[in-house]
Every structure is written in structure tokens, then in C-alpha cells.
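Here's the letter readout for the chains.
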Amino acid sequence: MGAVRRLVALARPRGVRFGLGVVLGALATASGVGLLILAAWLIATAATHPGITALSVAVVLTRALGVSRGVTRYLERVVTHDAALRTLADARSRVYARLAATEPVRRFRSGDLVTRLVSDTDSVQDLLVRGLTPPLSALLVGSGVVVVGTALLAEGGMLLAAGLLLAGLAVPLLAAAAGRGPGRRAAAARGELSTALVDTLHGAPDLIAYGAMDRAVARVDRADADLTRVARRDAGLLGLGAGASALVAGLTLWGTLLLGVAAVADGRLGPIPLAVLVLTALAAFEIVAPLPGAAARLGAIRASATRLFDVLDTPPAVRPAPDEPVPAAAAPLRVRGLRVRYAAGEPWALDGLDLDVPPGAHVAVVGPSGAGKSTLASVLFRFRDADAGTVELGEHDLLHRSPDAVRAAVSGVPQDPHVFDSTVRENLRLARPAATDDELRAVLDRVRLDLDLDDPVGSHGRRLSGGMRQRLALARALLTEPALLVLDEPTAHLDPDTRDVVLDDLLAAARGRSTLLITHDLAGTGRCDTVYVVSGGRVVQHGTPRQLADRHGWYRDAAGARAMGCCADRRGDLSVATGTPDQTRPRPKLRAPPPARARPPVRSDQCRSPGSTNRGPVPSDSAAARSPSSRPPPAPCSPRCSS
Amino acid sequence: MKPLDPRLLRTASAVRAHLLVAGACAAGLTGLILLQAWLVSGTVARATSMVGAAGSASDAGAGLPELALAIAAVGAVAVARAVLAYGAEAAALRSAARAKSQLRRQLVAHVTSGPPTQRNAGELVTLATRGLDALDDYFARYLPQLVLAVLVPVAVLVVVVRADWISAVVIAVTLPLIPLFMALVGMHTQARTNRQWALLNRLGGHFLDVVEGLPTLALFRRAKAEAALVREVTDQHREATMGTLRIAFLSAFVLEVLATLSVAIVAVEVGLRLMNGGLDLRTALLVLILAPEAYLPLREVGARFHASMEGIAAAEQVFTVLDGPGGATGHGAGRAAGTGELRFSDVAVTYPGRDRPALDGFDLVVPAGETVLLTGPSGAGKSTLLSLLLRFVEPTRGRVTVGGTDLAALDPDAWRRELAWVPQDPHLFDDTVAGNIRLGAPDASDAQVRQAAELAELGEVVDALPQGYATRLGERGARLSAGQRQRVALARAFLRDAPIVLLDEPTAHLDPENAAAVRRAVARLAEGRTALVVAHDEGWSADRIVRVGAPLAAVSPR
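In order, the protein sequence lines correspond to chains A and B.
When we follow my numbering, the leftmost residue of the first sequence carries the number 1, and every step to the right adds one.
When we follow my numbering, the leftmost residue of the second sequence carries the number 1, and every step to the right adds one.
A hint or two may mislead.
What the hints assert, rightly or not - Derived lysine to aspartate or glutamate pairs resembling DMTMM-like cross-links, with alpha carbons at most 25 Å apart:
#1 B:Lys-224 x B:Glu-212
#2 B:Lys-224 x B:Asp-235
#3 B:Lys-224 x A:Asp-266
#4 B:Lys-224 x A:Asp-445
#5 B:Lys-224 x A:Glu-395
#6 B:Lys-224 x B:Asp-209
#7 B:Lys-224 x A:Asp-313
#8 B:Lys-224 x A:Asp-385
#9 B:Lys-224 x A:Asp-310
#10 B:Lys-224 x A:Glu-346
#11 B:Lys-224 x A:Glu-426
#12 B:Lys-224 x A:Asp-557
#13 B:Lys-224 x B:Glu-239
#14 B:Lys-224 x A:Asp-416
Said to hold, decoys possible - Some chain A residues well away from chain B (every beta-carbon gap over 12 Å; in silico):
#15 Thr-72
#16 Arg-92
#17 Leu-165
#18 Arg-190
#19 Leu-274
#20 Asp-438
#21 Leu-444
#22 Gln-547
It is worth saying that the hints were derived from the structure and are not from the lab.
Positions of the beta carbon are idealized from the N, C-alpha and C atoms, including for glycine.
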């Protein structure tokens, strides 16, 4: 219940509006019930044939109630929805602010949690509009009706109160409780069905190729039969609420008649009050009609609220640190003994990592997946704290500076960089709001991205190809002019055709800037000054690509497995160029970088470092030895450098 | 959107049965409503008359004993109504479950017949589960109410017209106004509402965009600056939503005002006639009790219509899928041993809805037992070649033959038994490791499964799992890495032991160690079989390398 109470507390700043909504809602319900009560009085009185003047007030009032019900109901809806939407806006801002403070957000990115967060805040609205104001209005009107009933006949009023409490409180709560079991059973059966369906539909090609489709469909049918059986068996439980509500209303009417007629026989009740009392009992159950729906929703609202407060209660991922600025001037990066783990008791993601990036050098960190490479990136970006060790840029201790201070000096391309649904210009200006269009065009040129600044990029940058998105993300990072550029798996989702071209261009654009390239793929590492091989959270090998290629170890094995692939890819680059993977995407107005463009700066850069004269790592492993002789030898890979 | 889709009646027999039950229940309920009104008005009128018009002591003599029967009947009606309401709801939920099951099975049968298509599987799963569940509201709450909304007003009118024709006229005139006005308001607001929803979606999307982009915003030190923007956008969102709602509430407003006002008019009119002696109390009370009952089901239908919209939309989606092509290929009956040479003669494939052919004028002969590496740029049609052999697509021109027999003349299922396929991204099922490997050979022994796994370099991986071959892999094989999944697919192929193996980029997106393991297994699998390997790179042992898309280049033999 705590989560629901906290959810209500979120609405407190809008208390006046909700109060108004409750009053309006009560007026609307009261108009409906009051109309019948008044009409009963009118008719019963008319039966005594009084003068028209005795009825004239009632006649006018009856008509007024006929209109006021619709009007107040309309106003109530507008007011409560408005108040709920305002609260929703508050909740969203708070969720956003909290997420912005907890930062890496990765914790909440598993699966569809972000999307669910959006719909979970909607549960705020649901609770306030359907779960909060109707019961309060019902309480107001219900009390009023009980007072009227008691005034007419004490025991009649008590009966009415009991009936309303049963129908408005006990039955909805019991029905919601009775529905919990079926809900759980149905969810379990539905989970089975959904798994079977996912397997059948997603795995259709595999199933058909292996002649197993009939078995898969039979499994779906079995799961479907189970779900249907569960639903049919539990239908009885779910119908109980409807039956019980009808029973309470009917029996209250019956009891009122019984008491009323007895009271009339005793002379304690006049004929007119009798008619009024009976019709009150008949009309009163309209008051509690919306409550079963509200109670049935409560479980779902509670679940949503719990998820919402999980986010709001998450402590920041980074401890507070002084906001002392870190200058973005070129300086050596020194990492010593870095240890990070995600929770106490879990294995170390980084276990004493040492690493250096001299000013202006390009350093690659490679290693198998799970080696801790991305953890290193999050530490450098200050997305998370380290448990031990130091990270120094020049003489500045990055681990004890505020995230924003560090990010002024360290920037780059995080894993899955987000491209916002806006224009190219807006996406770039994120990094430097004051940038002129000329500066933006210059940086686009540097990453060899031929885009118009006004081009819309689409949701998640879908109007761009994967390579173009990475180039845009790098352009953005370059605009911040960082002292250290970190590229975290910049080619992760790229087509093999484009992977190497994109990486070439990224590294070329970052020329002269300290760059840390983090990758599981060896593409491009041959062009770095130093390569660190990380495994199990430690550096297991480091040196120039040339040295590593000559030594036993992961790098040489991986290079061997890549075998001639690297060179084959590269030849592919020259002939196939970058256009191909983009063909299927709608790209109005947007153009891929022209493949034929001359790339002199790229070439001279490639030949700069000693390790880069032989661009592909030397393949010497058995796979290469086995491979057919049809391929050209590795050495010819270098003609591009020889100019 | 129609209140009752005739296709629903045609497609699911349970819906027809459901409507009959709902109709019977509604008829019973209508009768009970009338009976209750008649009993209550009678009892009150008689009890009143025993007091006497002038309020003197009981001279008419109708005391509690005389009314006992009528009052007991009211109690009986209450119980009957409760039982009927309970039964109707339970029955409705029961038949809803059956109707959903029928629709779901038809949907599944339809989409799984024929070769796999490019359908969005995720959407279909959502449609078949959560989408169809929304039909519960439609079947159990909306449809019965719809029947009531037809029966009750008519029955009330019939009774009221006999008791007091003037009231009947008032009700008869206002009742049809309700649907009429709702339609008018609806038509007027529809266009505007649609425009508003587009805006709403855009604003809602912005929030999601900003939340998803938080790491990026944080990196550029913009996260806090965006907070103000989020506030601004949610405020815009609120204003736009309110604009839509203000109009959407109008139809409910019209309905409420019309219904309540006409009850008020009836009450006043009856009261005045009663005063003038033109009516007796009993009739007046009967009319007063019945008048709101005529409008109530209409209001309920309106309210429930919106709740069941989602279900109706889901049903329409199901029908759209069912009306779509089932995709059954031309079924030949012939059978062939897959040991002959494979021959593509001038084959072209153009996918529906595409202008450019995916493959055009392709020729290739693969003698039995040869390993051919297919390379070429993305989109050159390499995967289409494998799809042709798998009979997932049919050539738009030319023919594919095996041992001289046209593939089109063969029974697809029988032909596929000659194939083992390792796709780029194999699907692993929520089953045990062994169950996944047995995909193409359900009766294989444990020893055979183990041997296939060893050949596929999967043995050590499985031994490290908590329950070995009995370990469940979770949805989509979530327990395994991409490379391990690929090796499970290879194990399937080994166990299938088919003469022809097709491999589609088996090492794409794999890290170097996994790629090396997969390469070793593939070399083993291709041994002694006809093998077509699609790969981007050329680091494979093959008898021939064929470049697809470029001018055909058959390169030197091993």
C-alpha cells in the first residue's frame, strides 16, 4: 500500500484542483440521485392533489438537476484530468531529474524498462482520475444519501448505509482479491503461450528448414488450450463481483421496502416519505457503481507505482565530488590499479588495470567480450565510480572530480550513442550550444559526413545508416574539443562492409588527439600506436600492434582467426565502398560520403606510427595456413600506405 | 469502427454461441428489471393508499400481510438478478476465452503455413496475446451491454406506452436523439482529435527520446539543462491532451444531459398529470422508475465502447493478417535424393514490392560433394540463393534443379529433409540444449546428440552448463553467447546429417575465438557433403569461391 500512498502524495501540490474535482464529481452524482429523490417526492406529493404552487419549486429544481448533472460531470472530468496531467508532468520531471542524477541509466535500460517507465508514470494519471476522486465523491454523496434516509426512517438509513458500504467497499475489494488468483494463473499460462509463440514466429525459418513447424504449432495449440482452460475455469471467480453487486443492491431495496411498509403500518412513516425512501434506495447504488472498476485497477497501479519509486529511490551512481574544473589541454592519461565491480560479492569487472595514453597518441584496448573494456569507458566518462585505483589526466585526479568537470576534458562516443529525433544541427549543438554553422560544417567535413545541417535524422537517427550515426556521434564528441577522446565499440553494429571504412575515418578525424579506442574487433587496431589486450579485468599484453602480432597470445590468435578476412574486407572497401549497406534505408536528401573522394590526410596519417606500416596484423595461425591459395598475400594490403 | 464486426461472427463460432447466450441473459435481465419496477411501484402505491390520501389511519386495510407476497417477490427478483448477472458475466468470460482461442489458432495456422515471410514476428506475438486479451472487455462487457441497449429501451417503451403514452412519447423522442447527437459530435470531433493525437504522439515520443538519450546528454553535460525542456514539453503535452479531452468529453456530456433532462421532463409531466387526476400513483411511480432504466444501458454502452476499442482494433488486425496472403508455395509431390548436382540456370528473384531483382540471371553448377564459398557485397543476393534452395522463395525466372529435377516439382518438406541450414542468426528455442539440437531429428538418441555437439565444438560449453544437455536455454537461448548459439545451430546440422549443407555468414558478429571455433566445425561439417557457405571474408577452406553480384568469378580449385 506504501507505493500507492506515495503516489497520492505526488498529487498533493495539486490538492486544490483535485478537491474541486471531488466536489464537482459529488455534485454530478448527487444531481442524478437527487433528481430521482426529488421526483419521488414530487409524484408522491402530487398524488395528494395539492395546489400547483406547492410543486412549483420542485418542478423547477427537477429540471435544473436534469441539466446540472451533465454540466458538473463534464466539469469534473475536465478538472480532474487537468489536475492528473499536471501531476503526471510533475512525476515525469522528477523521474527525469532522478535518472539524470543516477546517470548511467544502464541499470534501467535492460529490456523495455525505459518504455515501461513512460507508461508507469501514466499509472499516476489512472490512479488519480479513476482510483482517487470517484471513491471520495462517492463517500460525500453516500453520506448525504444516508443522512436523508436516516432523517426519513432511522432503520432505513442504517440499512442504506450498510448496503452502500457493502457494495462500495466490501464487494469491490473482495472481487479484486478473488481476481488475483485467476490473474496470476492466467499470467503464467499466458507466459507459456507467449514463449511458444515467440519461438514459433521468430524461429519460423529454422522450424521450416528442419521440418519442425508442425511440432511448434502443436506446442502453441497446447499452450493456448491451457490458457483457455484456465480462463474458462476462473470465469466463475471473476463473475462474482458483478453478481454480488447486483445482490447487495437488490436486497437493500427489498429490505427498505420491508422496513418502510412496516413503518407505515406502525404510523411512523408517512406515504410521501415512504416513496422517497424507496426510490432513494433504488437510485443510491449509482453512487458506488464506479468503485469496483477502481478496486480492480488497484493491483496494476500498485505494481506501476512500485516500479516508478524504484527509479525515484535509486541513489546516484557517482558519489558527490568537487566541481573543480579539469582543463581540456593535451595531457597524459594515467590509469593505475583500477578496480571496479558492480556489487559487493560480484567478481571484479576491472581488477587492477594499468594503462597509459600519451598526449596525442592513439591507444586501443581490445579483448574478449566480458573483459571489462566497457567498464573502463564508463569510469572514464564518470558514469560510475571506481572501487580502487587512480585515473589521472595530467595532474588532475579524475575519480575525485565531479562528472561534469571530467566530461569537459574527456568525451567521445559511448556504446550505442543516442541520436536525437531532430536535425543534424540540433544533434551537433548538443555538444557545443554556441557553435556557428561554419564550425558545424567543418566538423562534419572532418568526419567525412556529407549532410545538410537542416536534415532531419529521424527517431533514433533511423534516417541515417549505422556508419553515418557513428560519424555524427564522433563529430559531436569532437566539437567538445576534449583532452581525451574515448571511442567505446564504435563499430559494434556496423556491417562488415562499412566497419573498417568508418573506423579509418574516425581515427583519421581524431588525428593528433589522445584517443582511446575500445573494441572487441581488431579492425583499426593495427593503426594505433599501442594496443592493450585486456582479459578478466587486467591487461594481459601490451605493445605496438607489430610486437603483439609477433608474440604468442590473444591478439595474435584473434588476428589469425580474422585471418585474411581483414584484407579481404579492405579490398572490398575499395571496390564496394560505403554505399551498399545504406541502400535499403529511406534517406531522402541524405547522401553517403562519396566513396571516390580522395583521402590524402588519411594516408599520411596511416603511415605516421611505426606500427602502421603493416596495416593488417600478420596472419600466421593455422587457419591462415589452411586457407586457400586464391587469396593475395597479406603484404599487398599496404599499397594504400605507400604513396 | 462498427459496433459488431460481422467478420468476427463468421470467423469464430464461439462468438455466435456467445451472442445467443448474451441475448438470452439480456432478455431475462430485461424481464427482471420490468418486474422489479412493477412490484416496487405497486407495493409503494398500495402501502401509501393504506395510509389514505388524506393521511388518516389505515382504512383501506392493506397492511403488511397483504403486501408480504409482493415484498417477498422483490427479494426473489433481487436474487434472480444477481444470479443472472453472475451467470452472464461468467458465461461471457468463458465464451470470450473460447473465441480468443479460435482467433488465435486461426492466426497461428495462417502465418505458419507456407514459407517464412518478412512479417514482424514481435508484433504478431503481441497481437496474439495482449492484443486478443483486450477482447475480454469487448466480449464480456461490451457485447452483452449492446444487446441490453437494444432490448431494454424497447421493452421499457412498450410498458410505458401502455401505462402512460405521453411519457412514452417523451422517451421515444429523446432516445434516438442520443445516438444521433453522439454521432454528430463524434463526426465533428474526429478530425480534430486525430490531428491532436498526432501531436500527442510526437510529444510523448520526445520524453522517451530524452530518457533514452540520457547517457549521451550526460556525456555532453546537457542532462540538467534538458530538465527544463522536459518540463516544457510535458506541459505542452498536457495542454494538447486537455484540448483533445475537452472535445472527447462533449459526447458524454450530450448523452448525460439528454438522458437526465428527459427523465426530469417525464417526472414533471407525470407529476402534473397525477396532480390533475389524469394518472394514478402506481402508474406514475412505474414510469418514474422505468424512465432512467431506458437510458442506462445506452450510457453504459457508450462508456464500455471506449474500453473495448482496443479489442476491436486487435480483432481488425487479426482479420487484416488473415486476409493477407498465406504464402503457400506450389507443392510438387516428387521426391529426390539430394545427392545430384545443384544447378541454377538463369535464375532471377524479385521480392514482392521491390523494383530491383535481388538476383538476376544467375548461373551456377555445384557438383555433389563440393564446397562452394559465396562472397560478394551486401545485397548481392547471396542469402537469396540459400532461400531458393530452402524453398523460402521461388524463382521469378529460370530454374533450380537437383540431379536434373526441378525443385518446384518436389514436395518442399520432403526436399528440405535433404538440407541442413545454419543461418546467420539461428533461433534457439526455450527448450533444453538437447531439445534444441534435436530440432531436425526429434528421435535422435542422447549419444547422437552428444556426438553432434562435440563435432560442433559445443561439448565443453554444454558440460559447463549447470544441468548439461538438460539445461533450459531460456527465451531465444538467452543463456548462450552468439558464438555458442551458432555452434548449437551447427550441432543441429550435424545431427540432421543431410547431404547438402547451407551456411549463411556463420561467423558474422562473432568475436575472434568463437569465429575460429565455428570455422573448425564448419570445415568438419562440409567434409563429404555438398556445402554452400555464404561469407563476407574469404578465410574459408573451399573448393571454389564464387563472387555473387559481381561478374561471376570461379576461382582456382583447391
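To see whether the hints hold, each was checked on the structure:
Between Lys-224 of chain B and Glu-212 of chain B the alpha-carbon distance is near 15 Å, which keeps this suggested pair within the 25 Å criterion. Pair hint Lys-224 of chain B plus Asp-235 of chain B holds up; C-alpha atoms about 18 Å apart against a cutoff of 25 Å. Taking the CA atoms of Lys-224 of chain B and Asp-266 of chain A, the gap is about 75 Å. The hint is violated against a cut of 25 Å. A C-alpha spacing of about 30 Å is found between Lys-224 of chain B and Asp-445 of chain A, which places the hinted pair above 25 Å, so the restraint is violated.
A threshold of 25 Å between alpha carbons decides the hint, and for Lys-224 of chain B with Glu-395 of chain A the separation of about 28 Å lies outside it, so the pair is violated. Distance hint between Lys-224 of chain B and Asp-209 of chain B is fulfilled; the C-alpha atoms sit about 15 Å from each other, no more than 25 Å. Simply put, Lys-224 of chain B and Asp-313 of chain A have alpha-carbon atoms about 18 Å apart, close enough for the 25 Å limit, and the pair holds. For the hint linking Lys-224 of chain B to Asp-385 of chain A, the alpha-carbon distance of about 20 Å falls within 25 Å, and the restraint holds.
Straight-line distance between C-alpha atoms of Lys-224 of chain B and Asp-310 of chain A comes to about 21 Å, which keeps the hinted pair within the 25 Å bound. Taken as a hint, the Lys-224 of chain B and Glu-346 of chain A pair is broken in the structure, with Cα atoms around 32 Å apart against an allowance of 25 Å. About 17 Å separates the Cα atoms of Lys-224 of chain B and Glu-426 of chain A, which keeps this hinted pair within 25 Å; it holds. Between Lys-224 of chain B and Asp-557 of chain A the alpha-carbon distance is near 46 Å, which puts this suggested pair outside the 25 Å criterion.
At roughly 24 Å between alpha-carbon atoms, Lys-224 of chain B and Glu-239 of chain B fall within 25 Å of each other, so this suggested pair holds. Restraint check for Lys-224 of chain B and Asp-416 of chain A: the C-alpha separation of about 21 Å stays at or below 25 Å, so the hint holds. Its beta-carbon lying about 9 Å from the closest one in chain B, Thr-72 of chain A breaks the requirement of being farther than 12 Å from that chain. At roughly 5 Å, the least C-beta separation between Arg-92 of chain A and chain B is not larger than 12 Å, which violates its mark as non-interface.
For Leu-165 of chain A, the non-interface assignment is confirmed: its Cβ lies about 18 Å from the closest Cβ of chain B, beyond the 12 Å cut-off. With a least CB separation of 6 Å from chain B, Arg-190 of chain A falls inside the 12 Å interface cut-off, contrary to its annotation. At the 12 Å boundary, the C-beta of Leu-274 of chain A falls inside the reach of chain B, the nearest C-beta of that chain being 6 Å off. Distance check on Asp-438 of chain A: its Cβ is at least 20 Å (rounded) from any Cβ of chain B, clearing the 12 Å threshold; non-interface status holds.
The beta carbon of Leu-444 of chain A is kept farther than 12 Å from every beta carbon of chain B, the shortest such distance being approximately 17 Å. Non-interface call for Gln-547 of chain A relative to chain B: holds, since the shortest CB-CB distance, roughly 18 Å, exceeds 12 Å.
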